[in-house]
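Colleague: Hints given; two lone chains; assemble the complex.
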Amino acid sequence: MALFLRIAWRNITRNQRRTFITLAAIASGLAAIIVFFGLSNGFHDQWITNSVRVYTGHIVVFAENYRDERNLNRAISDVDDLTARLEVLPGVEAVTPRIHINGLVSTARNSAVAVIRAVDPVRETQINGLRERITIGSYFEADAHRQILLGYKMAERLNAGPGEKIVLMVQAADGSIGAELFRLQGIFRLGAVDLDGSLAIIGLADGQDLAAMDNKVTEAVLILDSPNDVATTAGALATELAGSGYEILQWDELMPQAKEMIGLSNVFTYILLVIILIVVSLGILNTMLMSIMERTREFGIMRALGTRPAQIVRLVLLEAVCLGVLGAVLGVILGIVINGFLGAGGIDLSRWSGAMDLISSLKPIIYPTIHPGRIAIAALAAFLTTLLAAIYPAARAARLSPADAIRSL
Amino acid sequence: MYCLRTENLTKLYSNNGIEIPALKNVDLRVKRGEFVSLVGPSGSGKTTLLNLIGGLDMPTAGKVFIDDRDITGMSERQRSDLRLASIGFVFQEFNLIPVLSARENVEYVMLLQGVSPGEAQQRAVETLAAVGLQGLENRRPNQLSGGQQQRVAVARAIATGPSIVLADEPTANLDSETGHNLVDAMRRLNDELGITFLLSTHDPMVMDSTTRVIRMRDGALLEEV
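Those sequence lines, one after another, are chains W and P. Residue numbering for the first sequence follows this note's numbering, starting at 11 and increasing by one per position. Residue numbering for the second sequence follows this note's numbering, starting at 4 and increasing by one per position.
If we strip away everything but chain P, and leave its shape as in the complex, we get (with noise of 0.2 Å):
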């Protein structure tokens, strides 16, 4: 059973006139429970395919499936109650609503679900102890370090039982010790909890602790490693 599947995925984009191939042909399969790391050079097309999974960006071609369900033919709406059920998402730096505390981030999302207010909280809370944030649920993004700013990020896109995490460089801005623990965290929640999660990397370190990884260059799938 896959959680996520694409077919023949394509992207241009076009500038002035000439039309660049960010992304070609691309077939991917992740199954539930997988810990796949997406790696290659800048430009290769990692965050173009994984805006096109999430269904941040629409594809020129080719379809997405999460669950199953065809994505790209979906309107703007469910797409984000599809995102909003189906999808947590950790970006580089900055993934934090500024007005909102640690704890009010992560609830956020399971308002919008419409989980009441109590129990939003109750779940946010453990959450947020489960990636080691525990005592600092009420500080705001600006009062967090950077690696623990990630770990809410994390939180937040676990928060709402998701059937992937797709991450783009979470580590990319941290130190190497610091971004070691976040994967750390990202791959106990994997063991224990059976999350799936597709990050892409640059991070030798975060490839090693990945159960698969995938190679990209010039928009194209290479080999398995």
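Excised from the complex, chain W in its bound form (with noise of 0.2 Å):
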């Protein structure tokens, strides 16, 4: 083995341009690669971190049981303790408790089924930036009392604008119809189109006053520091949570239509992956058959002397190896520094940004992020597609009757 890697390694550094060539189309290709792995990814991460902080959280912490039937007597009791507990887990950005509930959103003249989201203020808006997101009238005051926030779309169907009167309506965890009069105080505009037309907040206490939830929350949402850590996480806070009575959901599981879009979006990737590799394929086999048929009288002796066939498979096939390792590492190297540059101002799509406001925008810029294993995959699939395309040029190689190619000249 050692005797034809050293030839097969002097014969790629003997025509040094042609090797430049074959190398340069596989490192670009990898780097093509890698470069919309890191786009997409970052588009990915970007999308999820909108995403849960409008919605969900990355993780939520439900009592046991209260999914099922949203029964609201079975909801979290302690939430100043749970939240305690949560805060100091690695890892964890921000913890603040929720509650949400169906009811009736009502002006004088109008009325809207709602999901009303009773807030801590203060918390809410650390996660998501609430409070910039008010664009006619203001954020909660402090001590605020009976004010109500409604996305711009439930405003409009409402015609209702700041100082106006509303009525909230839900059925509370006593069984009683809960109904009370809010105060608009501003409307708000999270980029999301659901959520801009379905949501109304309220501040806690009001809402534990509305639902009869005395000091009850539905859930306590945790940001992460970073959205690859939430399954760690979730297993983290399952060992503390273990007996406590509680029902630990990862984002993923709260939406599911998220997590298939990102699953069909990576399929695209891999699509467009297979593609570049068929075009880089064919690249390698044009070079390696050109290579192959200068040589053939070379590989004729090479038979004669007693070379099997075998043997001469071997021989190409490691200069496809030696091909393959080198575009794979320039390949990653390029891959990284392009998405490296790409990362420092990242990708402005404000322009674009209509379109991101259907999967709730808070942020239109991406910045492509590098998973090792992704990166791993796309240089072990550009190695494996050099070794495949020399398959052939390799097969042609043994194939030569010794005779013929000796007098081929």
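It is worth saying that the hints were derived from the structure and are not from the lab. Just so you know, even glycine gets a beta-carbon here, dropped at the ideal spot from N, CA and C. Possibly wrong hints are sitting among the right ones.
As the list claims (entries may be wrong) - To give a feel for the contact side, a few chain W residues facing chain P, derived at Cβ under 10 Å: (1) Arg16; (2) Arg27; (3) Gln260; (4) Glu263; (5) Glu308; (6) Arg318; (7) Leu397; (8) Leu398.
Modeller: Laid out in structure tokens, this is it:
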């Protein structure tokens, strides 16, 4: 093996221009894949980050059995204690309590079905910048009482403006109908069409009053430092809260459609990878065939000396291994450099932010992120493509008739 | 004891449906230790005969025996192994693997045979010295003259201890003095080590150096001189 590896290495270094072109094809194809992976990952990460901050949180803790019937009597009762325990876990950026209940929002003239979210105003705006998302009116005042924020689409439908009286009606924990009068404090625009059309936000204490929940909340929402740590942190949480009567859910369990969209987007990414690799493999096939044809007489001599056909195959494949390894290393370096360059400023998609609205954008800027596992997959795929593209040239070299090969000059 | 024997060896080439005989019923016997030249005009079938003897090409009919083993019934791989063990080749030109030095070219065949790298290197240096190339071991083929390249090819052909060395017009591209020296070197190896040579040539000087001359014309053996 060492003998053929030495010959293979010298063969690829002898025509440096051709080797350079081949390596450039492999490396640029691989770099393109890595950059696309980076953009796609960055897009997904941004999407997840944006979505979890306005919808669910990375991880949500419910009281056990609460979600089956949404029975408010089974909500979380010791939320302060729970929050304190969760906040100190590693990787947790913020914890905020919420109440979610369905109800009716009415003005004097109109009414609409709404998801009513009761929040801690300070903590809530820390995780999703709700204060900055107010487009008309203002955010909750300190010590706010009976103030309500509505999504702009909901406000349009109700034809309501700041200062207007709003009545909320829900079915309370004790089975009675809870109804309270609120005053419209502000109108927000989260950039998520469904939330802007259905969400009504009130203070946590007002929510507890409205639904007769005493000091209970329906959920504790966790935001993590990194979206990659969801599974690990959820595991740590499960250990921390074991036996305390809680249910722990991750964002993708609460938003399965978002997970599916990302899965679909990944499929397209892999299709692109295959297309790029096919183009690269045709280039490699071409240069390898050229190189084999130029060396026809050499292969004839080697066969005459007693080199077996299988050893000729091995020699040509080893040349491909050298090219594949070099190309993969160069491609990974190039891809990481380009990703880093793009990542420094991010890619501003605000020009197309209409499209981003559909998926709840807080920041229409994509930062490419590199997942080492994916780089490894792409590099391995590029390497194997090089090897695959060399199989036919190798077989041709091995099948040459020695007598004919030696005659050719 | 013949190290080489052919029986009714025939080769037809097909050209646009017309069969052209390149070799007709050739019966040739070469004994161990002989130094034989094969002479005849271009197209008389010398190269075809050498290719068939070396198993580089397959006959249309007839048999080739190397050390009494019929090579015409062998698989491609068996013939490769037989060439490695029993046959040395020297071609007219461009014999060497260009990316390997003179020493590495000679080592190549020994390494294929499974000789250890250390021993192969030592034997390669000795064999190159035997053909007068000491001091040039590390040169690549493009740093050697035509005559020196042919000497490396001869050294490589004998390094594996073959039963017979086949040389197809080894001096054709060399000036007469260089050609003379090359044949002298082969002759010495024949005398001193008993290596059997069968070489084709146009060159009367080469013919004069050999112990036996076989003439060919139109694909057939004529008389022996």
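Colleague: Would you settle whether the hint for leucine 398(W) is holds or violated, based on the nearest Cβ-Cβ distance to chain P being less than 10 Å?
Modeller: At 25 Å from the nearest chain P Cβ, leucine 398(W) fails the 10 Å test, so the hint is violated.
Colleague: Does the nearest C-beta of chain P fall within a distance shorter than 10 Å of the C-beta of arginine 16(W)?
Modeller: holds, 8 Å
Colleague: Any CB of chain P closer than 10 Å to the CB of glutamine 260(W)?
Modeller: Violated, because the Cβ-Cβ distance from glutamine 260(W) to chain P comes to roughly 57 Å (cut-off 10 Å).
Colleague: Hint glutamate 308(W) vs chain P: min CB-CB distance below 10 Å?
Modeller: Hint on glutamate 308(W): holds, closest Cβ of chain P at ~6 Å, below 10 Å.
Colleague: Is the shortest C-beta separation between glutamate 263(W) and chain P less than 10 Å?
Modeller: violated, 60 Å
Colleague: Could you check if arginine 27(W) really has its C-beta closer than 10 Å to a C-beta on chain P?
Modeller: violated, 16 Å
Colleague: Quick check on the hint: arginine 318(W) CB to chain P CB, less than 10 Å?
Modeller: At about 5 Å, which falls below the 10 Å cut-off, the nearest Cβ of chain P leaves the hint on arginine 318(W) intact, so it holds.
Colleague: Identify whether the interface hint at leucine 397(W) stands, where standing means a beta carbon of chain P within less than 10 Å of its own.
Modeller: Where the cut-off is 10 Å and the nearest Cβ of chain P is about 21 Å from leucine 397(W), the hint is violated.
Taken one by one, the earlier hints fail for this structure at numbers 2, 3, 4, 7 and 8, listed in ascending order.
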